[in-house]
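Enquirer: Going down the list, the protein sequences come from chains A and B. Heads up: the first sequence at position 9 corresponds to 9 in the numbering used here, and the numbers run straight through without jumps. Heads up: the second sequence at position 112 corresponds to 112 in the numbering used here, and the numbers run straight through without jumps.
Some clues are possibly wrong.
SDA-like cross-link-like pairs, simulated, lysine to any residue; straight-line CA separation at most 25 Å [as the list claims (entries may be wrong)]:
no. : chain 1 : residue 1 : chain 2 : residue 2
1   : A       : Lys143    : B       : Gln184
2   : A       : Lys87     : B       : Ser282
3   : A       : Lys143    : B       : Ser282
Computed far set for chain A versus chain B, every beta-carbon distance over 10 Å [claimed, not checked]:
no. : residue
4   : His82
5   : Lys93
6   : Glu188
7   : Ser238
If you want a taste of the chain B side facing chain A, the calculated C-beta under 7 Å gives, among others [what the hints assert, rightly or not]:
no. : residue
8   : Gly108
9   : Met113
10  : Pro354
Hints were generated in silico from the structure; no laboratory data involved. Glycine residues also receive a C-beta, built at the ideal position from the N, C-alpha and C atoms.
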Amino acid sequence: MNNSRRSFLKYAGVAAAAVAATPVVRAVASSGGAAHGPEVGKLPTQKIAGRWAMVVDTRKLVKEADFEPLIEACHKVHNVPHLPDEKREEEIKWIWTDEFEHTFPEFMSRWPKGRVPTTLNKPYLLLCNHCEYPPCVRVCPTKATFQRADGIVLMDFHRCIGCRYCMAGCPYGARSFNFSDPRAYLPEEEINMEFPTRVQGVVEKCNFCAERLAKGLRPACVEASKGALLFGDLDDPSSEVSRAVRNNFVIRRKPELGTQPNVYYIV
Amino acid sequence: MLETALKGSPRYWGWLGILLAVMGIGGAMYMWQFTVGLTVTGLSRDVSWGFYIAQFTYLVGVAAAGVMVVLPYYFHHYKDFKKLIILAEFQAVAAVIMCLGFIVVDLGQPTRMLNVLRYPTPNSILFWDMVVLNGYLLLNIVIGWVSLQHERNHVEPPKWVKPLVYTSIIWAFSIHTVTAFLYQGLPGRHYWLTAILAARFLASAFCSGPAILLLVAMLVRKVSDYDVGDKAIKALAKIVTYAMAVNVFFFLLELFTAAYSNIPGHMHSFEFLFAGHDGHMSYVSYLMWVAAILAIASLALLIPPKFRDNMKLLPWSLAILIAASWIDKGLGLLIGGFTPNAFEGVTPYAPTLPEIMISLTVYAMGIFVLTILYKVAVSVKREVA
Ligand code: SF4
Ligand code: SF4
Ligand code: SF4
Numbered sequence: 001m002n003n004s005r006r007s008f009l010k011y012a013g014v015a016a017a018a019v020a021a022t023p024v025v026r027a028v029a030s031s032g033g034a035a036h037g038p039e040v041g042k043l044p045t046q047k048i049a050g051r052w053a054m055v056v057d058t059r060k061l062v063k064e065a066d067f068e069p070l071i072e073a074c075h076k077v078h079n080v081p082h083l084p085d086e087k088r089e090e091e092i093k094w095i096w097t098d099e100f101e102h103t104f105p106e107f108m109s110r111w112p113k114g115r116v117p118t119t120l121n122k123p124y125l126l127l128c129n130h131c132e133y134p135p136c137v138r139v140c141p142t143k144a145t146f147q148r149a150d151g152i153v154l155m156d157f158h159r160c161i162g163c164r165y166c167m168a169g170c171p172y173g174a175r176s177f178n179f180s181d182p183r184a185y186l187p188e189e190e191i192n193m194e195f196p197t198r199v200q201g202v203v204e205k206c207n208f209c210a211e212r213l214a215k216g217l218r219p220a221c222v223e224a225s226k227g228a229l230l231f232g233d234l235d236d237p238s239s240e241v242s243r244a245v246r247n248n249f250v251i252r253r254k255p256e257l258g259t260q261p262n263v264y265y266i267v
Numbered sequence: 001m002l003e004t005a006l007k008g009s010p011r012y013w014g015w016l017g018i019l020l021a022v023m024g025i026g027g028a029m030y031m032w033q034f035t036v037g038l039t040v041t042g043l044s045r046d047v048s049w050g051f052y053i054a055q056f057t058y059l060v061g062v063a064a065a066g067v068m069v070v071l072p073y074y075f076h077h078y079k080d081f082k083k084l085i086i087l088a089e090f091q092a093v094a095a096v097i098m099c100l101g102f103i104v105v106d107l108g109q110p111t112r113m114l115n116v117l118r119y120p121t122p123n124s125i126l127f128w129d130m131v132v133l134n135g136y137l138l139l140n141i142v143i144g145w146v147s148l149q150h151e152r153n154h155v156e157p158p159k160w161v162k163p164l165v166y167t168s169i170i171w172a173f174s175i176h177t178v179t180a181f182l183y184q185g186l187p188g189r190h191y192w193l194t195a196i197l198a199a200r201f202l203a204s205a206f207c208s209g210p211a212i213l214l215l216v217a218m219l220v221r222k223v224s225d226y227d228v229g230d231k232a233i234k235a236l237a238k239i240v241t242y243a244m245a246v247n248v249f250f251f252l253l254e255l256f257t258a259a260y261s262n263i264p265g266h267m268h269s270f271e272f273l274f275a276g277h278d279g280h281m282s283y284v285s286y287l288m289w290v291a292a293i294l295a296i297a298s299l300a301l302l303i304p305p306k307f308r309d310n311m312k313l314l315p316w317s318l319a320i321l322i323a324a325s326w327i328d329k330g331l332g333l334l335i336g337g338f339t340p341n342a343f344e345g346v347t348p349y350a351p352t353l354p355e356i357m358i359s360l361t362v363y364a365m366g367i368f369v370l371t372i373l374y375k376v377a378v379s380v381k382r383e384v385a
């Protein structure tokens, strides 16, 4: 009892710190000028971005083992719980993999089902696309999901009422709902005290590591990817993502929907 | 006026007692859900709305359907509907209360629900849905109550009620249109992404809502001396028939667009709903076939005047129609919209027992309110008669 109350206070403290930090992060991000937030400058590609984007080099990510460290890095720093198998349908996923046909379903009719050309036949990395025109933001009735000036689509876990409208709105299945208390599946010793844990009944998703960007760090998955993932500002023609998008054949998920995803795939 | 609800037969009190018992059991279930979360439901990451939201959608239709009585009475001075008016208005009140109840039980964080008011977000259709639903509730309570009170005092209702009535007629269309917009504007959900969805919603509301009203009116005639009259029943049955024909027609339009265009996204939900996945029929597919057959049967029983005017047969035809429209809108709409999911995969969804119990509680709550309002209406009408 005593113990759990203490750990509750600990969570509450972390949560409160996160709330207190939010306006700072937002202010830094939305100022748009290079003069603010010097620590952001540590990111080699760009000081403050006009449009953050990620490029997934699918040629370098082939086996499940290539993905594991990326997924683990993200889920660890963000306290994403790992649910047991019998609760798979209530899974919380910020970043995960699926087959080509499921990642890019609009290509499905191009060949008989289950007969993807061998070059494409491998897992693909999925995460929130931080869409330029995000339907999840459009539908959210409380502004718990909002878009920053630099394009990142963020969530305020404390404001979310759990209506799950954003899940119906997101055409990419990028959002997860905490059907039960996520803390029950987070061993206490594994909790990252620098990031809040969530409560039951709210939605969550990848935040493009806004908290790391604020410190001038790259997203955790990018850092763990050994160059298979690139991150930077699309508005800056010299950034590594701009160059990658220019020099390679890239595709995006469900472009026909007009959401303008900011995650690009080199195939 | 409310005191008239306090005097009643043992049968009346027994009925209220049963409803309270259902609410008690379901209420306990809800407390459980409140504590451990929506994990007690059959919902999943892929099918994130289910039975609750489907019932909500269905009942918005039931609420809107009052207009099928109010409109002919006020716009066309169709006097035969006089005795149905108050029943329709109070049915709308009860239905909206149930709608709000279903929204609340569906929330992951119900204690924060006022955030919708604290941070009004006009770009969210859910915000507008809340506005129009609460407005409609208020309109119907005021109109129904004030008219009844004045009738009791043997005076004409005040002048300001008329404009409210006209507003409520237009408002009724808006509540179901806005509810359709909740679904209709979502990218990547092909089953919902169709301009005819709002029209389909209205058509299905205007057949199922008055059908329920008719059944209830016939029941009221049985258990009390309040008789809306055969003429009113026959006229409304005609309206129900037309609306159902339009409803079926609109559905066929959807089917044609999907099947003839052969666009996979548009086909998949229909395929899943009627043929299952990869040839494996789920319970939903069987139910959708049942709905299709019942829909045709209801038309066969309602279109020929000989059958429709048969007061013994009519309740059955109406019940068949209600069952068909409920399966279509209370299950198929949501499940078909989420299946296949964003990854072209199939995650089966079926409501769990707690989910059904909690839903029954919300229904019991609505029927409780309806019973009391009807009791008041019938008592007042008897007084003045
Ligand atoms: S991928 Fe989905 S959750 Fe992410 S921004 Fe786009 S619509 Fe929103
Ligand atoms: S679940 Fe939360 S984030 Fe999603 S739409 Fe509702 S309030 Fe907004
Ligand atoms: S960008 Fe950050 S939050 Fe998003 S998947 Fe990568 S590590 Fe996770």
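Enquirer: Now look at each hint and say whether the structure bears it out.
Expert: Here's how the hints hold up against the structure:
1. Straight-line distance between C-alpha atoms of Lys143/A and Gln184/B comes to about 21 Å, which keeps the hinted pair within the 25 Å bound.
2. Restraint check for Lys87/A and Ser282/B: the C-alpha separation of about 21 Å stays at or below 25 Å, so the hint holds.
3. For the hint pairing Lys143/A with Ser282/B, the CA-to-CA distance comes to about 37 Å; that exceeds 25 Å, so the pair is violated.
4. In this structure His82/A is separated from chain B by more than 10 Å, as the shortest Cβ-Cβ distance comes to about 14 Å.
5. Annotated as non-interface, Lys93/A brings its C-beta within 10 Å of a C-beta of chain B; the closest such distance is 8 Å.
6. Non-interface call for Glu188/A relative to chain B: holds, since the shortest CB-CB distance, roughly 20 Å, exceeds 10 Å.
7. Ser238/A, annotated as away from the interface, keeps every beta carbon of chain B farther than 10 Å; the closest lies near 33 Å.
8. Interface hint at Gly108/B: satisfied, since its Cβ lies 2 Å from the closest Cβ of chain A, which is below the 7 Å cut-off.
9. For Met113/B, the interface hint holds, the least distance from its beta-carbon to any beta-carbon of chain A being 6 Å, beneath 7 Å.
10. This hint is violated: Pro354/B has a C-beta 13 Å from the nearest C-beta of chain A, more than the 7 Å allowed.
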